[in-house]
Amino acid sequence: MKRYLRVLNLFWRVAIAAELEYRINFAVAVISSIGGLVGSVFGLFLFYRTGYTFQGWSWYEALVVLGVFTLLQGTAATFLVPNLNKIVRYVQEGTLDFVLLKPISSQFWLSTHTLSPWGLPDLVFGLIIIFYAGHQLGLAPLAYVAMLPPLALGIVSLYSLWFILGATSIWFVKVYNVTEVLRSLLEAGRFPIEGYPAAYRVFFTFIIPVAFLTTVPAQTALGRSETTWLLGSAILAAVLFQLSKWFWQFALRFYTSASS
Amino acid sequence: MTLRSLRIVRTFLSVYYAYMVEYRAELIFWVLSGSFPLIFLGLWNQAAQSNDLGFTPAQFAQYFLAVFLARQFTVVWVIWDFEKEVVQGTLSPLLLQPIDPVWRHFFGHVAERFTRLPFVLLLVGLFCLLYPEAIWIPTPYACFWGIVSLILAFCLRFLIQYTFAMLAFWVERANAIEQFWFLFYTFLSGLVAPLTLFPDAVREFALWTPFPYLIYFPASLLVGLPVDLPRGLITMASWGLLAFIINRKLWRLGLKHYSGMGA
Chain R
12 MKRYLRVLNL
22 FWRVAIAAEL
32 EYRINFAVAV
42 ISSIGGLVGS
52 VFGLFLFYRT
62 GYTFQGWSWY
72 EALVVLGVFT
82 LLQGTAATFL
92 VPNLNKIVRY
102 VQEGTLDFVL
112 LKPISSQFWL
122 STHTLSPWGL
132 PDLVFGLIII
142 FYAGHQLGLA
152 PLAYVAMLPP
162 LALGIVSLYS
172 LWFILGATSI
182 WFVKVYNVTE
192 VLRSLLEAGR
202 FPIEGYPAAY
212 RVFFTFIIPV
222 AFLTTVPAQT
232 ALGRSETTWL
242 LGSAILAAVL
252 FQLSKWFWQF
262 ALRFYTSASS
Chain F
787 MTLRSLRIVR
797 TFLSVYYAYM
807 VEYRAELIFW
817 VLSGSFPLIF
827 LGLWNQAAQS
837 NDLGFTPAQF
847 AQYFLAVFLA
857 RQFTVVWVIW
867 DFEKEVVQGT
877 LSPLLLQPID
887 PVWRHFFGHV
897 AERFTRLPFV
907 LLLVGLFCLL
917 YPEAIWIPTP
927 YACFWGIVSL
937 ILAFCLRFLI
947 QYTFAMLAFW
957 VERANAIEQF
967 WFLFYTFLSG
977 LVAPLTLFPD
987 AVREFALWTP
997 FPYLIYFPAS
1007 LLVGLPVDLP
1017 RGLITMASWG
1027 LLAFIINRKL
1037 WRLGLKHYSG
1047 MGA
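Just so you know, the protein sequences line up as chains R and F, in that order.
Using our numbering, the first residue of the first sequence is number 12, and each one after it goes up by one.
Using our numbering, the first residue of the second sequence is number 787, and each one after it goes up by one.
Treat the hints with care, since some could be wrong.
[Unchecked claim] Reference excerpt, derived from the structure (chain R facing chain F, CB under 10 Å, subset only):
{"no.": "1", "residue": "Trp-23"}
{"no.": "2", "residue": "Val-25"}
{"no.": "3", "residue": "Ala-28"}
{"no.": "4", "residue": "Val-49"}
{"no.": "5", "residue": "Gly-50"}
{"no.": "6", "residue": "Ser-195"}
{"no.": "7", "residue": "Glu-198"}
{"no.": "8", "residue": "Ala-199"}
{"no.": "9", "residue": "Gly-206"}
{"no.": "10", "residue": "Ala-210"}
{"no.": "11", "residue": "Tyr-211"}
Quick caveat, the hints were computed from the structure, so don't treat them as lab data.
In this text, a Cβ means the ideal position worked out from N, Cα and C, and glycines have one as well.
Taking the hints into account, I'd like the entire structure generated from these sequences.
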């Protein structure tokens, strides 16, 4: 365990040092993040300006969902995208061999060996929206803390799904865009799940668990989540995480390297 | 001369068609990743069930299906390809050929539309099963102008992105510009809602930009929503012309600046 922490520390120090060479990218990331945020709020506003409200979600409550979504987007951009989208390249070029030879878990190596600070603006702006909307709603400080466990569980679920999709590259090699599909479906998380028709709700709860990623944490913060949802969130995260580990072991059996 | 061009076009199309078909599995995922309008279809459809928004649920369904189609047929990725060519230096051999490299990209995109078609039709079929009340037959007028505006929208999007791509001669990551542009595209083009639902000031502003003409305009024509046809065509032509002039200027300047990888 301690060894893993030390490795992690090293990975991230190197990654940040490397990324800081491109400082102008950071300015671009900040501006893009602001633009994206204005757009998302505008998208939500289009619904509420007509006097329509998502069932049981006031404007500020829906903003909390949007904040959680932005936060998750930032997390994905910082930790998931730079790592998991590269699995495809390792398989394609055969450099996965070197990863497999290292004396640590290959899943750990693939999932953590770099990070990109360009997701940070999204993380910050996500927090700002959550705190702003929470302030308007008069949320107690404890409410924000209560949001953390379901949020963490959501991130674990998201990571596992992403990793499983990335791992399919062992068979299909060029699946760079599978994660693109996942990403486009996750866009549904901008809005509370109650805003969708029944068929969509089933899809986004059981097939692509978007509901657990943004709606459930927001509901917890607002103090009205049911135990079943929280329990579901925990079970989902545990199952998906275990599945991702198992699936990776399974996939590796079919890995044949690039030249042989 | 024209005969020669025709032969070139035919060769390019068949070559790139064959090339794209090879990656058809990958194509399915690209088609699916354009599902963004379908998310908004669900939301607006649900919203229109209970509130009067000036659109019936069926109209929303039609509009967003048209948006989905418009998006499928106007997808452009030339900036990523071009950037790679410049950064890796593979542009150099292409410059030796007696034809402007842009045509390779252009016909690559056009050929890809044909490979995409079966998957898109499949999804449209699925949509008709889910929303049978929303099935509509476009009038000949809607068909004609819808298709014309779709083709123009594709050309305009291609031109604009190719103009951004020219910046790859000077900066390493030109696609950051495209990504920034894409943000505005997402929210002003009518992907998230028909422009009629926008606040007046925002709509008026948006109609002067090229964005709505890439999605909202062709989609509305296909569905038969009222749009200002002459104004749309003129705006598209003006932006297209502007992009074309800048593009050629940058291309000439860029080539002088370009030194090839390792040269």
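Right, here's what the structure says about each hint:
no. : hint    : in the structure
1   : Trp-23  : 22 Å, violated
2   : Val-25  : 21 Å, violated
3   : Ala-28  : 19 Å, violated
4   : Val-49  : 8 Å, holds
5   : Gly-50  : 4 Å, holds
6   : Ser-195 : 5 Å, holds
7   : Glu-198 : 6 Å, holds
8   : Ala-199 : 5 Å, holds
9   : Gly-206 : 5 Å, holds
10  : Ala-210 : 7 Å, holds
11  : Tyr-211 : 4 Å, holds
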